[in-house]
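Following the hints, put chain B in place on chain A, whose structure we already have.
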Amino acid sequence: MTLTASPSQMERRSDEQHLIAGKRRRRIQDALTGYLFVLPALIATFLFGLWPVISGFYESLKSGSPITNRFVGLDNYVRSLGSLTYVFLFGLSLIFILLGYQAWRSAWTAQRAQGGTLWHFVIPGLIGGMGLIVLTFNLVTGSRDFDWLPLALLLVSLAGYFIAETLQRERTPALWRELAESLALIALGGLVWIVGRRIEVSGLLAVARWIVLLAVVGWALSRVLPRMGRFEYLRYATASLMMGLFMLLGILLAYYSAAELEGDVEQAQEIAARIFNPTVANARVQVPADPAVIAGLNPPDDLIVQVEIGGETIEAPLAPEAYRSLPPDRLAGLIAAFVNNQRVQVLLPDGSVGEGLITGLPMGERLHVEIPAEDAQILRETEIYSAMNVGETVIRVGGRTEPLRKQFLAALGASLSLAAIYTINHTRRQLDEEERPRLVRRLGRLRLLLGVAIAVLFLYLVGSVQLSRQAAHGMQALSLDQFRLAYRYVYDTAPPAILRPEILAARLLFWPQLFLIGLGALLIGAAYRVWQSAQQRETKLGFGLTILLAVMMMVGGWLTISELPRTIVLGGREANDTFNALMRTAMYSLGTVPVQLALGLFLAYFLFSEITWGKALYRVIYFMPYIAPSVATATVFLVIFKLDDTSLANQVLRFFGLQPVTWLKEPTGIVRLFYANILGGDPLNIPAALQGPSLALTTVILYNIWVFAGYNAVVFLAGLGAIPSELYEAAEVDGAGRWSRFRNITLPLLSPTTFFLSMLSIIGTFKAFTHIYVLRDQATGKEIDTMSVHIFQQLYAANDPGYAAALAFVLFAVILVLTLVQNRLAREQVFYG
Amino acid sequence: MASTTTPTTRAQSGSAPVARAQTLIPRRRPIVIKPFRIVVYVVMTLGAIVFVLPFFWMVTTSLQSQGDITRGRMFPSNRILTVTEVTETELQRTLQDLLDSGEFPGYLSAVRGQIESSNRQRALTVDAYLRTQRYGYAEVRIRNDIPGLKNVWPFDKRYVVVGGLAHYVEAWDESNFSRYFFNSVQIAALTIIGQTATSVLAAYAFARIEFPGRNFLFSLFLATIFIPTMVVLIPNRKMVTQFHNFFTADFPAKQDAWGITDARRAIAEPIYRLIDAAGLENFLGLGDAFTVDGPIVWPWMDNWPALVVPFLASTFSIFLLRQFFMQIPEDLWDAARIDGAGHLRYLFMIVLPISRAAVVTTILFTFIGTWNALEWPILVTFTDRWRPISYGLYAFKTEAGSDLNLLMAGSVITLVPVLVVYLFAQRQFTEGIATTGLKG
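Protein chains in written order, with our numbering: chain A, 1 to 833; chain B, 1001 to 1440.
Hints are computed from structural coordinates only; laboratory data are not their basis.
Beta carbons are placed, not taken as given, at the ideal position from N, Cα and C, and that holds for glycine.
It is possible that some hints are incorrect.
Below, computed lysine to any residue pairings styled on SDA-like, alpha-carbon distance capped at 25 Å [as the list claims (entries may be wrong)]: (1) A/K406 <-> A/A258; (2) A/K782 <-> A/F579; (3) A/K642 <-> A/T668; (4) B/K1397 <-> A/D645; (5) A/K782 <-> A/S647; (6) B/K1397 <-> A/M554; (7) A/K767 <-> A/F579; (8) B/K1034 <-> A/D645; (9) A/K23 <-> B/G1342; (10) B/K1397 <-> A/Q651; (11) A/K406 <-> A/N425; (12) A/K767 <-> B/S1219; (13) A/K642 <-> A/L653; (14) A/K406 <-> A/L446; (15) A/K665 <-> A/N685; (16) B/K1254 <-> A/F579; (17) A/K615 <-> B/K1150; (18) B/K1238 <-> A/L99; (19) B/K1238 <-> A/A44; (20) A/K23 <-> B/E1330; (21) B/K1254 <-> A/T646; (22) B/K1238 <-> B/L1222; (23) A/K767 <-> B/R1073; (24) B/K1157 <-> B/S1101; (25) B/K1150 <-> B/E1088; (26) A/K23 <-> B/F1211; (27) B/K1254 <-> A/E729.
Only part of the chain B face toward chain A is listed, based on derived beta-carbon distances under 10 Å [to be verified]: (28) Q1066; (29) N1151; (30) V1152; (31) F1155; (32) L1201; (33) Y1422.
Isolated chain B, as found in the complex:
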């Protein structure tokens, strides 16, 4: 492993002086404070602050109320989070009632004076009052819907979230970010599975197997890097539309003639019963693929195939994996061959375990690429059903209008998974970038 990533690891761990130290007498270096170094540290720190500033601004804006934003404040002036369990009746009580009974809940007592001073507000219900307030307000309902458990443990509770974090609840629930989020997760998962499979096989073949035309094919793959996205975008949309038309019109019309319907009646019905029993019938958007009523219809547009199939091969992944596979010593292959292993076996038993880091890197890049994709989803999704999160955020940008706190909450939701992945695996990222110089 260490030999495979020489330039980067040396750069990272700063082990360049180590080689020198071995030739000299080993002794501890005294810490010397050089003025130039201090200047560098100060400059670099200031730069780092500037670089982090947009992220900070994103988070702080998402926690601020409208008033704070228009005033251009740096930090939210109101509280960030109060979660209180309430009942429906409590929400519908008017503030006058609460004043009369003197039982103000904690999240309202801070603004008691405001309510007392205004007659108009006293007439409002708690729900309506909270909605008119400048600070965030959201309702969360937690309900137990699991069939078996429901009888044992009935659970239906309502909370109000007051403060900045309410924007997140609102974006997640009402602005459909939960839908976008899980769409993206599913699309990314499918893309990762497909792309890793094709890339590992192809990269192995390009690195290890001699076959005529290998260099030509590889240069064909590399040529795709130079083709701008915009060139392939238009014909690809057309091709996906053609697939869509085939699987929704031509193919269903021919299924009887091709004997597929009969075959399904024999094979698929038992399987369908199983799937139905497991509650998975529409898991992959296959529609009624396993039910026998009517022909199989498999829409591509506005469905996962349009978002996944065009990305089943990635030149970037193949290139990165090939670089890695080529560094595995030839002796290993000879040894495996003597032990009677074929290519497939060698690949899965030896090569893949060795190059786990490289595979993880490609997976991470694929994930990020899918998560960030914008122009292709715009062209092939029309409804929220399969709209991925980047497109969701983009669409929300026009919808949110002046609700910048909601918009920023959506941005943070989009950002967090990527950042988490990055912080855990930042070494793989930088190595991958340094090897190929490209993002997925």
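For reference, chain A alone in the conformation it holds in the complex:
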């Protein structure tokens, strides 16, 4: 307020201010009410809807069983997907980095219009992103070690934002004062909070401390946050925070995955290097002709236990016969643990053998005894393996593989060079060649240099990948016995049970597969770009050549990506289970969604246009299955599709003159069944890949159609109601028939509904659980276990929550990808009026 204003002016202004203040107060009040109203739902949704996604991811990194609930890193994912895990993770980190780039890019575009220096915000953004990541990490793991760190980081980043904002403006003393004030407030709030929480007090004082802390921090926040809200360049701040968060997340994820991958592969590489060389290949070793034996328990002399025999407690050595009854076949040794109240045989002082219960061990402790097996008496000499066996080349190069770290660096260098070339191209296009000819020329030379570097690095990578593959194939060629012999020959001990040649081979292949799949994806992506650019070519020859290039790249990409199935096979039993469950889910989806959509559309169309009398009744009937409890209806299906000949489904079959079938217990595909039972051919003529969903799964599909057709019809009805009737009238006047009206008006105008329904149904089939869980039982086996049921079984029956969580995230990723792809397709196909 200025001093020179006249009284009337002052009055008016104060009125205005009053009004503005009132408006502002009301706005604040409104906002507070809004937050208050949303709060309960927000808390519940956050606690049980959103937070679980983050904490569930952490769960998936831990070993499942409640007893050994420890951090195992990516093991669960590797169990469920094999090396595909790493493909996904590197892809994910790439997506994060791209998201960060996009946030930055959008702010960059804004900068052109708004001015200001975006670069000032980078450091606070990075620090803030780091703070958020550390905060989430602390919350998820519940770690208390560095609980001050995230807050400190966030405060530093906040202060940084204030500084950056101030730097944008015209510098006046008032501005500096304001900045100093804000920084002091931030520092004060942070210090009070961090120090205050560390003071150890108890009782009422603790309550008082909390009140003081909250009051001080709340006051500081209430002063600082509105100031931040008045930032001119708030947009830069949020963009830089997003950029920092996503970039760091992407880099951390990539680094973590690389470290995990290296950890997995390193040991395999080392073993390969040591067991594949001419010395081992030519060595002759002595092997027992008989299996190893444990002749008896020969405990060390000092192994004396307290035993209760006939109410009397004595100390005596364990008798050699204690473990006679064990089958000694193929045992490399015996590891036994004794607990209290276990019945054992001991040597009595008089030399005889007595039996009694162990006592005197401390509570909950075990007595461990290790007895190596006796070496067999008869030995024979043999070669461990011949070079022919594992491949000459592996032996010749001595099982050598390039260290993974080097290959990572090479791959990183190649991709950075690629990005640099891309940037250079972009810059050169922007530059005016006549204005700065030297720079353009230099950039051209640099590009050439980078191209050469890429070629060299690529050759190196291909060579080392080939080495890894050779070693892996050699490893695969070994039998378990050969591997054990070689291992024992090199290391002088037996290999741990967990090390098996096929596991080592799979690990050796992790990186080659990752590399090839990544390369394939890159090639296909590049092919897509080339294909698009073909349209810009002017000559026919140029067009043809570009198309040819694109096709070749696609074929090449496809060939490299076709490593995928092999990856899954090598991933072991669990990865196979995952893959089968996913395939079953896909089959279920494909079998259900089109039929149910078509049926729903058909019902809705008839209900809408033809049925005049009893419309409500039909709707009620067709909709009933959807609303009925699925446990109840699935149970009825269980009865209808019973195995016996007298079940309703089999009676219907008999009515049509067909043989009864074993519905839910029938793992044969329906195409094969149709071919065998109706056409009368040999079912084995139909290849397994073409046999379609199994009859068991088909039964579930029938159930799904029955349930969802009515639901689809109701949604379609709403869509049909929204189509203006004038269109039909006009078409009728023009003489369009029923079919052409349906084809040319109804279908296109319904496409948003169709798209919505198809998306929902596909996701629904991927989430489907209840009815399948009711329809399955022991005898059904895994034949109808779709992904959701598979996950639930891992959680509930196998009690392996960590693994189940990992599988759930795999499912989540699949659903997300499907949604994105569908959205993409919809943009081209759906007509939104």
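Structure of chain B alone, referenced to chain A:
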């Protein structure tokens, strides 16, 4: 109301031609029988029969005897219901006695010849005989346990139910479906109360109140739709277990230190006396929350909180209610504001009465969602005490084995409340589905 649900209502009532009729000369349309229409009717009716068939099969199987089921019959061959009052002594009489005295009860006279022809059966008591029979048999005891009334009107009677409906009595009484049923009713009631409260408030805020970050928060809510249940199932179980551990172990240990015990002694004891007098002491599974002996222990697992608390907010309900609230004209709010009403008052006095239909719809969907839930109850209930009916039926599926009639009777018991609710409010259901395309 009519303007709010345009697409569906038009689709339902078939009022599309009405608009056209107004522009033409109003006259009654002659009924034209088109062959295509007849075909459509026939097809639709056949389809409807196929769609109803499983429900029909459920009911008919539940009424059939084992013999009928193995023979694969369509309808029950025996009677469906005979209810006869009997005494304990009558049940224990042997059939030989009845033959001798010639006083066969009505429900046995139909099989008299069978008994007369077989010596082995004659030696059986009525009770044992009925149990060996292929058709349904159940005992119902009706007893008056109400304290005051008991003295005035002592009542203790025993009936036998013979025929198909006996399976329902057996499922209800002996297979614990009554327990499951009322568990589900209680869980649904609690969930509905909580969810409706949170959803109405949140939906109103999202529809009417301007506050910074509104769109962001709303998209956060919507994001939960895309998260598969399986992802949240595992961490949620862990979280509920943590709550359980806190309220059964950590919290009881600290109550003395926090002064809660003293406070309870002062405040809760009088209340407890009242509650005790009303006979409600364990109504909400709070255990001994109001008694002062020992600390408050509030188990979550295998208790109602585990089944209710995770469902206290529903994106579906919020979305549906918000859609509805947004269609209420702005003028109403302005008028209310001029009259001095705040948000809360406006919400309760004007918005809620207008949108009763939408609220009812969300309640119905919540009810059905709770009634149908299976995977979550499997994870958090271990005993029959709080097992809801879907899980009860699922567990019974493995127990019942070959007693398909009992299993189907259980299914019908599970189905009936939902169907009743649906038939009474089917319009709300279809509108709700058409608005959001989702089930609760």
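These are the hints, each one checked on the structure:
1. A/K406 <-> A/A258: Holds, at roughly 12 Å.
2. A/K782 <-> A/F579: holds, 13 Å
3. A/K642 <-> A/T668: holds, 17 Å
4. B/K1397 <-> A/D645: holds, 21 Å
5. A/K782 <-> A/S647: holds, 23 Å
6. B/K1397 <-> A/M554: Roughly 53 Å separates the two Cα atoms, so the pair is violated.
7. A/K767 <-> A/F579: holds, 16 Å
8. B/K1034 <-> A/D645: The hint is violated at about 43 Å.
9. A/K23 <-> B/G1342: holds, 15 Å
10. B/K1397 <-> A/Q651: OK: B/K1397 and A/Q651 at ~23 Å, within 25 Å.
11. A/K406 <-> A/N425: violated, 28 Å
12. A/K767 <-> B/S1219: Holds, at about 21 Å.
13. A/K642 <-> A/L653: holds, 13 Å
14. A/K406 <-> A/L446: Judged against 25 Å, a Cα distance of about 24 Å means the pair holds.
15. A/K665 <-> A/N685: holds, 22 Å
16. B/K1254 <-> A/F579: Distance ~49 Å between B/K1254 and A/F579 Cα, so the pair is violated.
17. A/K615 <-> B/K1150: violated, 53 Å
18. B/K1238 <-> A/L99: With a Cα-Cα distance of about 32 Å, the restraint between B/K1238 and A/L99 is violated, given a limit of 25 Å.
19. B/K1238 <-> A/A44: holds, 15 Å
20. A/K23 <-> B/E1330: holds, 19 Å
21. B/K1254 <-> A/T646: It is violated: about 64 Å lies between the C-alpha atoms, which goes past 25 Å.
22. B/K1238 <-> B/L1222: holds, 24 Å
23. A/K767 <-> B/R1073: violated, 36 Å
24. B/K1157 <-> B/S1101: Since the Cα atoms of B/K1157 and B/S1101 sit roughly 24 Å apart, the hinted pair holds (cutoff 25 Å).
25. B/K1150 <-> B/E1088: holds, 21 Å
26. A/K23 <-> B/F1211: holds, 14 Å
27. B/K1254 <-> A/E729: violated, 76 Å
28. Q1066: With a closest approach of 12 Å, the B/Q1066 hint is violated.
29. N1151: violated, 43 Å
30. V1152: violated, 42 Å
31. F1155: Since the shortest Cβ distance to chain A is 35 Å, the answer is violated.
32. L1201: With Cβ-Cβ at 4 Å, under 10 Å, it holds.
33. Y1422: holds, 5 Å
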